[in-house]
Amino acid sequence: MVRLSAQFWLIQAFNGVSYGALLFLVGSGLSLIFGVMRIVNLSHGSYFLLGGYVALTVIWTTGSWALALVVASLSVAVLGLVMERLFLRPLGFDPLRQVLLTVGFAFLFQQAALDIWTGNNFDINPPDALTRSIVVGGLYLPLYRMFMIATALVIGLGLWLVMEKTRMGAAVRATVDDAQMARGVGIDTSRISMLIFALGAFLAALGGVIGGAFLGVYPGLDFEMLPIAFAVVIIGGMGSLGGAAVGALLVGLADNFGKALFPEISYFTLYAPMALILAVKPTGLFGRE
Amino acid sequence: MMTRERIKVLAVVATLVVIAILVPNTNSFVILLATRALAFSILVMSLDLLLGFTGLASLGQAAYLGVGAYLTAILATKYQFGLGLDFWLVVVLGILSGAALAAVFGLLAIRATGVYFLMITLALGQCVWGLAYRWNSLTGGDNGINLRGRPNVGIDLSNDVTFFYLVLAFFAVSLLMMYVLVRSPFGHSLRGIRERELRMRILGYNTWLHKYIAFVIAGAFGGLAGVLWAHTAGIVSPENVVLTTSVDALLMAVLGGAGTLVGGAIGAAIVFGLREYLSTLVPWWQYVLGAVYVLTIFYLPTGLMGIPERIRQHRARAGKPGEAKKLASAPA
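Listed in order, the protein sequences are those of chains F and E. Position 27 of the first sequence, counting from 1, maps to 27 under the working numbering, and the rest follow consecutively. Position 151 of the second sequence, counting from 1, maps to 151 under the working numbering, and the rest follow consecutively.
One or more of the hints may lead you astray.
[To be verified] Simulated DEER-style distance windows between Cβ atoms:
(1) Tyr179/E x Gly220/F: 31 to 41 Å
(2) Lys8/E x Pro95/F: 46 to 56 Å
(3) Arg4/E x Phe93/F: 55 to 65 Å
(4) Val161/E x Pro95/F: 50 to 60 Å
(5) Asn206/E x Phe93/F: 23 to 33 Å
(6) Arg201/E x Asp123/F: 28 to 38 Å
(7) Tyr179/E x Phe93/F: 49 to 59 Å
(8) Asp123/F x Val9/E: 53 to 63 Å
(9) Val9/E x Ala170/F: 54 to 64 Å
(10) Pro95/F x Asp142/E: 24 to 34 Å
(11) Tyr299/E x Asp123/F: 38 to 48 Å
(12) Arg201/E x Val185/F: 42 to 52 Å
No wet-lab data here; the hints were simulated from the structure. Think of the CB as a built atom: it goes at the ideal place given N, C-alpha and C, for glycine as much as any other residue.
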């Protein structure tokens, strides 16, 4: 039986928030992609997994974790960009076909990953500087989890600034609101779609590298991550950056407390509230019609 | 018109007869493969009721298969129930449990449309998966539940050929029932909703109720598929309710041709064939499967069953322009 002391609640809350930080990286990209392109991207979990695998290869050959972080994110971003240009864009707007196409690719990526990196479980070891713990008020807090929270904060802040303060961001917001009208006033929505898709893949891969330290990197992680990323975006509302942040935090906490308090129905405690929110407000907490 | 429909029905009946005669004379590998494909086809056809006839793309159809399958497995292993004549009772319970689950999920999901329907069904499907995966004491968690042998309902179903006939019979009856359903006035209303829901609502149809009933019926057939699947595979695990199984069902329906019912069975046969047969031959079989999906979506949006129609349309367009329009609007 778990002893429900104050320490338990604090540690679980900290873990939940740091997991939420990771989920924000995955969810924000998925949310932006949906907002701009109305595409439900079922390859998003694959980007997460591929990010982890590419990082492993870089670490094995160069030994540098920081380099792996950059190379993995960028190469998966290029992969996403190519996928968007060659396959999704020519397909036109048809949600079902888009979904099926992205899932077809998810299967292809899964097999490719299995062939290249075998079926073994790997861990991505972060640099020693990040593996220590610091003591705050009697609690041992792993530095790595603080790093995750900091990364999410920096990226979230950066995205928010770009979205709210730049011309580019205004164009993206216009596309989210009404793509047709945005095209009408001269915004190159095709280019915006391409950039956002690449950005989404970049963030997912970044999450894959960072998450690889405690989730590991293994076959099947892609389809484990995908529904959780969906939960984040669905709760927050598709296309909303703030929604993704709130959704990530809620899912991160629900997941941690669910697993700690009700291990037998932990996934249920994660997805059932999400289904309820959707039933009451189909566009999510912060989504617009 | 009538004759073309009759030819189609005759072709399906003839194919079923050929399958019934041919398959038992092959080896045990093919018999098991055919049984699996047939059992799963019931799920795919139930999904086609939603996808092809009502225009609702569900990404959580595996939940109903899972409920039927887990019910069968839990009753059989924990209570020794459903291994004799009471197997028929399990079939009924499986159908009812699928329908009941769909009745609950439908309340949450039917309001949403398009992409949102897709996502809410995904979420609901994951709820069931989460329970199956984590509720160790009931579901055996990740390992699932092994069934020890098939029921003996007077006839011993542990014989693979006998069981194949049983599943084939269930498949044929399900196909017939769904065929009658989609040809009924109710089925036509569903198609009206698929084409233009707003117009149907203006005409005075309760479109919510129509969709809800279709959803529950699809769930019932999903439950039936689950009961059969449990005894076909001999093991029930979270693998049966996971997102990829729902996606598989969706892809099979689209591959065969949405809105055709039998297309779902053809899609299931092809995918199961590729997966189980090709995987024994080459290690890169999954690329073939992925490529089949991607190519289908790009070049055959109406699926394999849509090929004759496309050829006809192509010819008609070359000949008389008016003819093409008439054919295009003919019911599939």
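Taking the hints in turn, this is what the structure says about them:
1. Between Tyr179/E and Gly220/F the C-beta distance comes to about 38 Å, which sits within the given range of 31 to 41 Å.
2. Restraint check, Lys8/E to Pro95/F: a C-beta distance of roughly 29 Å breaks the suggested window 46 to 56 Å.
3. In this structure the supplied range 55 to 65 Å is violated for Arg4/E paired with Phe93/F, their Cβ-Cβ distance being about 33 Å.
4. At roughly 43 Å, the beta carbons of Val161/E and Pro95/F sit outside the given window of 50 to 60 Å.
5. Hint check: Asn206/E to Phe93/F, Cβ distance near 29 Å, so the stated range 23 to 33 Å holds.
6. In this structure the hint that Arg201/E and Asp123/F lie 28 to 38 Å apart at CB is violated, the actual value being about 55 Å.
7. Between Tyr179/E and Phe93/F the CB atoms are about 32 Å apart, so this pair departs from the stated range of 49 to 59 Å.
8. The hinted window of 53 to 63 Å between Asp123/F and Val9/E holds, with their beta carbons roughly 58 Å apart.
9. Taking 54 to 64 Å as the suggested C-beta distance range, the pair Val9/E and Ala170/F conforms, at roughly 58 Å.
10. A hinted range of 24 to 34 Å holds for the C-beta pair Pro95/F and Asp142/E, which are about 33 Å apart.
11. Between Tyr299/E and Asp123/F the C-beta distance comes to about 42 Å, which sits within the given range of 38 to 48 Å.
12. In this structure the supplied range 42 to 52 Å is violated for Arg201/E paired with Val185/F, their Cβ-Cβ distance being about 34 Å.
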